[in-house]
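A.B. asks: Below are the chains, spelled out letter by letter.
2 protein chains.
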Amino acid sequence: MLAEAGIVLTPAEREAIEVADFGLGELERYGLQIVVYVNTERVCAKELVLFPGQTCPEHRHPPVDGEPGKEETFRVRCGVIHLHLGDGEIVLRPGDQHTIPPDTLHWFQAGEDGAIVSEFSTRSRDESDVFTDPRVRRV
Amino acid sequence: MLAEAGIVLTPAEREAIEVADFGLGELERYGLQIVVYVNTERVCAKELVLFPGQTCPEHRHPPVDGEPGKEETFRVRCGVIHLHLGDGEIVLRPGDQHTIPPDTLHWFQAGEDGAIVSEFSTRSRDESDVFTDPRVRRV
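Heads up: the sequence lines are chains R and V, in that order. The first sequence begins at 1 in this note's numbering and counts up one residue at a time. The second sequence begins at 140 in this note's numbering and counts up one residue at a time.
Bound conformation, chain R alone (with noise of 0.2 Å):
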């Protein structure tokens, strides 16, 4: 999917891709496949491939160490994003964005042709992630 995108990945980044169950065992219906690009103490990138029709289930970015919590912007490459944020939902096309304040409950799910998001954010500290269903296990 990111070779038909146009998005070129080292070797060694295709050898590190990270495929998350989330620890609960159904990855075509809960996952994600990350590519990190960068995450320094100050700024982090990277590039989220969703299967058709898969999701990440909801979660918050809460503050860490006296910091605040993560902020992150989604940016559709391709495929559409159903992004929910509280009682609300936003769809994003390729070419849209939006922008998470930090400790803010989101959850997304790609529509039938999947979909790759490009993301933009603070640090990424997934170990401190706070998920809805008390099942997930994030690392």
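Any given hint could turn out to be false.
Under 7 Å between C-beta atoms, here's a sample of chain V residues computed to sit facing chain R [stated by the list, open to error]: (1) GLY145; (2) VAL147; (3) THR149; (4) VAL182; (5) ALA184; (6) GLU210; (7) THR212; (8) ARG214; (9) PRO233; (10) GLY234.
Treat the hints as calculated values from the structure; they're not laboratory data. All residues carry an ideal CB built from backbone N, CA and C; glycine is no exception.
For this one, chain R is given, so just place chain V on it according to the hints.
C.D. replies: Just chain V, lined up with the frame of chain R:
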């Protein structure tokens, strides 16, 4: 160039592409074409488009208001970039990237086919950039 690379912009983004000639009046030699996706207090993401051989002149991002200067990661999407840091040169091809620490002098030039570079950084404050050539006017 963006369309050829499969990068989708909204109509509003297409109209808001910044063409920066750095006040030197020789855009094809010295300049950048810039799409700013997001620039919050904490995070910034842009696409930089460079024509064949086009150069972004040497500059650094100093500390502002007691915060460390801008930290930026350049990731080449297509074309070749010659990134100059101090006396060294790094050649970046598609999929290659480099993180430039705050307050570090750098300049870069596209190869003969031009280039597109994704920039992931802390907040962008172009008016604070310090250029080596005193003729440069960034803002």
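A.B. asks: So, for every hint listed, does it hold in this structure?
C.D. replies: Taking the hints in turn, this is what the structure says about them:
The criterion of a C-beta within 7 Å of any C-beta in chain R is met by GLY145 of chain V, whose closest approach is roughly 4 Å, and the hint holds. Annotation: interface hint on VAL147 of chain V holds; nearest CB of chain R at approximately 4 Å, less than 7 Å. For THR149 of chain V, the shortest C-beta to C-beta distance to chain R is roughly 5 Å, which falls under 7 Å, so the interface hint holds. For VAL182 of chain V, the interface hint holds, since its Cβ comes within 7 Å of a Cβ in chain R; the closest pair sits about 6 Å apart.
For ALA184 of chain V, the interface hint holds, since its Cβ comes within 7 Å of a Cβ in chain R; the closest pair sits about 4 Å apart. Contact between GLU210 of chain V and chain R, as hinted, is supported at the beta carbon level, the nearest pair being about 6 Å apart and thus within 7 Å. At about 5 Å, the closest approach between the beta carbon of THR212 of chain V and any beta carbon in chain R falls short of 7 Å, and the interface hint on this residue holds. The interface hint given for ARG214 of chain V holds, since its Cβ lies 6 Å from the closest Cβ of chain R, which is under the 7 Å cut-off.
For PRO233 of chain V, the shortest C-beta to C-beta distance to chain R is roughly 4 Å, which falls under 7 Å, so the interface hint holds. The criterion of a C-beta within 7 Å of any C-beta in chain R is met by GLY234 of chain V, whose closest approach is roughly 4 Å, and the hint holds.
Violation of the numbered hints given earlier is absent; every hint is satisfied by the structure.
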